[in-house]
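**Student:** This is what each chain is made of:
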Amino acid sequence: MKDLIVHAFEQAHDNFTRMLAEFLPRFLVMLIIIAIGFLVAYVAKYVFRAILRVAKVDRVSEQAGASRLLRRAELPSMSELLSRAIFWIIWVGFIMVGVSVLGILSLQIMIASLIGLLPQVFVAFLVMFVGLLAANFFSRAVLLAGVNAGLRSARVLSETVRVVIGFLAFSMALEQISLGRSTILVAFAIAFGALMLGLAIAFGLGGRHLARRVLEKHFARTGDREREDELSPL
Amino acid sequence: MAQISEESFLSDDLLRQLISVGSVDLLVGIPSCDAKDNVAQVVKAVEEGLLRNFRRERIALIHVDETSRNGSGALQPSASANSGIESLRTFRWITAKTDSTAVPGSSLRTILLAADLLHAKGCAVIDASAESSNPAWVEALLAPVYREQFDFVAPLYSRHRFDGLLTRNLLYPFCRTLYGKPMRELRATEFAFSGRLANHCLAQADWEHEGLQGTPEMWMAVTALSNSFRCCQTYLGPKPRVGPSAAAGFVDAIRQTINGLFWCMENTSSYWLNGPAPEPLRTIGPDHQLTSEPIRVNRKRLFQMYSSGVAELSQILGTILDPTTHQELVRLATLDESVFRMSDALWVRTVYEFASAYHRSVINRDHLVQAFVPIYRGRACSFLLQHRYSESDELEAHIESLCHEFEQQKASFIERWNTKGQGAS
Chain A
1 MKDLIVHAFE QAHDNFTRML AEFLPRFLVM LIIIAIGFLV AYVAKYVFRA
51 ILRVAKVDRV SEQAGASRLL RRAELPSMSE LLSRAIFWII WVGFIMVGVS
101 VLGILSLQIM IASLIGLLPQ VFVAFLVMFV GLLAANFFSR AVLLAGVNAG
151 LRSARVLSET VRVVIGFLAF SMALEQISLG RSTILVAFAI AFGALMLGLA
201 IAFGLGGRHL ARRVLEKHFA RTGDREREDE LSPL
Chain B
1 MAQISEESFL SDDLLRQLIS VGSVDLLVGI PSCDAKDNVA QVVKAVEEGL
51 LRNFRRERIA LIHVDETSRN GSGALQPSAS ANSGIESLRT FRWITAKTDS
101 TAVPGSSLRT ILLAADLLHA KGCAVIDASA ESSNPAWVEA LLAPVYREQF
151 DFVAPLYSRH RFDGLLTRNL LYPFCRTLYG KPMRELRATE FAFSGRLANH
201 CLAQADWEHE GLQGTPEMWM AVTALSNSFR CCQTYLGPKP RVGPSAAAGF
251 VDAIRQTING LFWCMENTSS YWLNGPAPEP LRTIGPDHQL TSEPIRVNRK
301 RLFQMYSSGV AELSQILGTI LDPTTHQELV RLATLDESVF RMSDALWVRT
351 VYEFASAYHR SVINRDHLVQ AFVPIYRGRA CSFLLQHRYS ESDELEAHIE
401 SLCHEFEQQK ASFIERWNTK GQGAS
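If you're matching them up, the sequences are chains A and B in order. Sequential numbering of the first sequence, starting at 1, is according to the numbering used here. Sequential numbering of the second sequence, starting at 1, is according to the numbering used here.
Hints were generated in silico from the structure; no laboratory data involved. Heads up, a few of these hints could be off.
Stated by the list, open to error - The calculated SDA-like cross-link candidates involving lysine to any residue, where the alpha carbons are at most 25 Å apart (straight line), are:
| # | chain 1 | residue 1 | chain 2 | residue 2 |
| --- | --- | --- | --- | --- |
| 1 | B | LYS300 | A | ALA145 |
| 2 | A | LYS56 | B | GLN315 |
| 3 | B | LYS300 | A | LYS45 |
| 4 | A | LYS56 | B | SER270 |
| 5 | B | LYS300 | A | ALA35 |
| 6 | A | LYS56 | B | LYS300 |
| 7 | A | LYS2 | B | LEU51 |
| 8 | B | LYS300 | A | LEU210 |
| 9 | B | LYS300 | A | SER153 |
| 10 | A | LYS56 | B | SER269 |
| 11 | A | LYS45 | A | MET78 |
| 12 | B | LYS300 | A | MET78 |
| 13 | A | LYS56 | B | ILE414 |
| 14 | A | LYS2 | B | THR334 |
| 15 | A | LYS56 | B | THR90 |
| 16 | A | LYS56 | B | GLU210 |
| 17 | A | LYS45 | A | ALA35 |
| 18 | A | LYS56 | B | ASN364 |
| 19 | A | LYS56 | B | ARG365 |
| 20 | A | LYS2 | B | SER269 |
| 21 | B | LYS300 | A | HIS209 |
| 22 | A | LYS56 | B | ASP322 |
| 23 | B | LYS300 | A | VAL97 |
| 24 | B | LYS300 | A | ARG212 |
| 25 | A | LYS56 | B | HIS209 |
| 26 | B | LYS300 | A | LEU215 |
| 27 | A | LYS56 | B | SER361 |
| 28 | A | LYS56 | B | TRP417 |
| 29 | A | LYS56 | B | ASP366 |
| 30 | A | LYS56 | B | GLU279 |
| 31 | A | LYS56 | B | GLY318 |
| 32 | B | LYS410 | B | GLU279 |
| 33 | A | LYS56 | B | ASP206 |
Unchecked claim - The calculated label-pair distances, taken between Cβ atoms and stated as ranges, are:
| # | chain 1 | residue 1 | chain 2 | residue 2 | range |
| --- | --- | --- | --- | --- | --- |
| 34 | A | PRO119 | B | ALA205 | 38 to 44 Å |
| 35 | B | GLY318 | A | HIS209 | 32 to 38 Å |
| 36 | A | ILE51 | B | SER269 | 54 to 60 Å |
| 37 | A | ILE51 | B | ARG196 | 56 to 62 Å |
Claimed, not checked - Under 10 Å between C-beta atoms, here's a sample of chain A residues computed to sit facing chain B:
| # | residue |
| --- | --- |
| 38 | ARG59 |
| 39 | ALA64 |
| 40 | PRO119 |
All residues carry an ideal CB built from backbone N, CA and C; glycine is no exception.
Generate coordinates for the entire structure from the input sequences, incorporating the hints supplied.
**Tutor:** Below you can see the structure in the form of structure tokens.
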């Protein structure tokens, strides 16, 4: 009986020692890969940041209104943000390769599915970012045109354009990662339809006098316009 | 001589017409767009002017019809039958069609190319919509180029004291400060130039640039000023006030002019950053004059548009302007119309800050220029309030002091211009 117990302990000890002997080198390799990945990602970040600064990405971002969005969200500059993204993409890649060395099957499956999702997540972020830029650009264009045309509701129009484009970009981004596809589609359709219907009713019924004035302003030469424009700037 | 690639800009039909003409001494260009009723009158005035003053010269007249809804159509010399034009030594008529909406500055480019291909020594451009055109214009514009070897002749007009406020409050003092030459009408529709200047302008690579859109005349004037071409001004008489149809595009006119001005300024920065010495510009005939006939001006609306514009565009203006300038503009927008005044110092500072922001492209350039429109409305309102009862000489004195203000702030503008990487502090 005693021998049996001792034998079992010895076997367990042998197994543990063998597993440890097999695992430790792999773990060490994983750590080395992660460390090398960190160094590579760190160097890549600096090189990429230098390239972006030479390419004047921050200036382009400022022009497009993206920098203002980033500042509002308390995020760093565009070149810093992109170079940090490069750092994390490279390092996470190395970490995944390192983890796969461990040979844990369930972990490998999870990592594979995560890697499979990455491109979609990246595209979703891109869609969202471009959408926000477009929303910013077009809402500013509408605001300027409205203010210079003397529209009282210029800001409302501008914010409406921003919200509609932003919402469109958001739903497209969620659609890209297949998150709540049907819910998002239905929500967008309802919200957009309700907005348009609301505007149509408000403009057609509540603002029929305004509608008349707008139509007259565009299609008929009224005295107001002549009075306003008697002064030539040039 | 223009290059072959430039010739491809011209249609085959126009090229055939130009080749058949050969060489001329003088060319008169008449661009027209939606001016059907007035083209015949302008042509008649031009023909009379040529008969009176250039009887021995070989002359061609080119009518450039810009494609438009109410295109004026190809006009023939028969429109002025019995004018005696056949008694000129050589008189040839050329017609061309362009599409300025598709190709910016195509009318002027067509005239320049024609002048170049015909080896014209001088060329005058008279817009077909010029209702007050008269035969004296032809001599006033062409004689300085043809007989006195000037390269660019800008017009001077007799105008209403409140007309051309952008020209007097911005274009004239800004141009005078940067280029050192007091050219009154930088964006003129009537002017003349030498074959040498035409050749120089055609050789520039700027023709495809959108900054030229709508303001090719201003670009040509600035090119002449910044390249040491001999320039002068000549008095043409009264400039007709624009009708409601022409003024309907108020915002577009400001937008094109400011965009064109800032673009020209950026394009010629190597010249004006070196601080060209101020020099007088020869004036032929009387100096410009201001008239005071009654005029209906909606000052209240101008002020309202300024106030609402500054309030609504606060965020955009904050990106373009320094905080102190922005705060001052916001403060002025809250005042009552009767006490509202935008000082020369604030106006000049605002203009310079907009120009630097344009150079740094702090936001989309077209948006930046549009954000300037309410500021101009404020300045126009202030100017009108200030000079409601002023005489012409008081108004002139004010413009002169405005020029000095532009001059005084030039150094800080150059400093701001050179610190390119910085945003609005």
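**Student:** Could you tell me which of the numbered hints above are not met by this structure, giving the numbers in increasing order?
**Tutor:** 3, 5, 6, 7, 12, 14, 15, 20, 23, 30, 36, 37, 40
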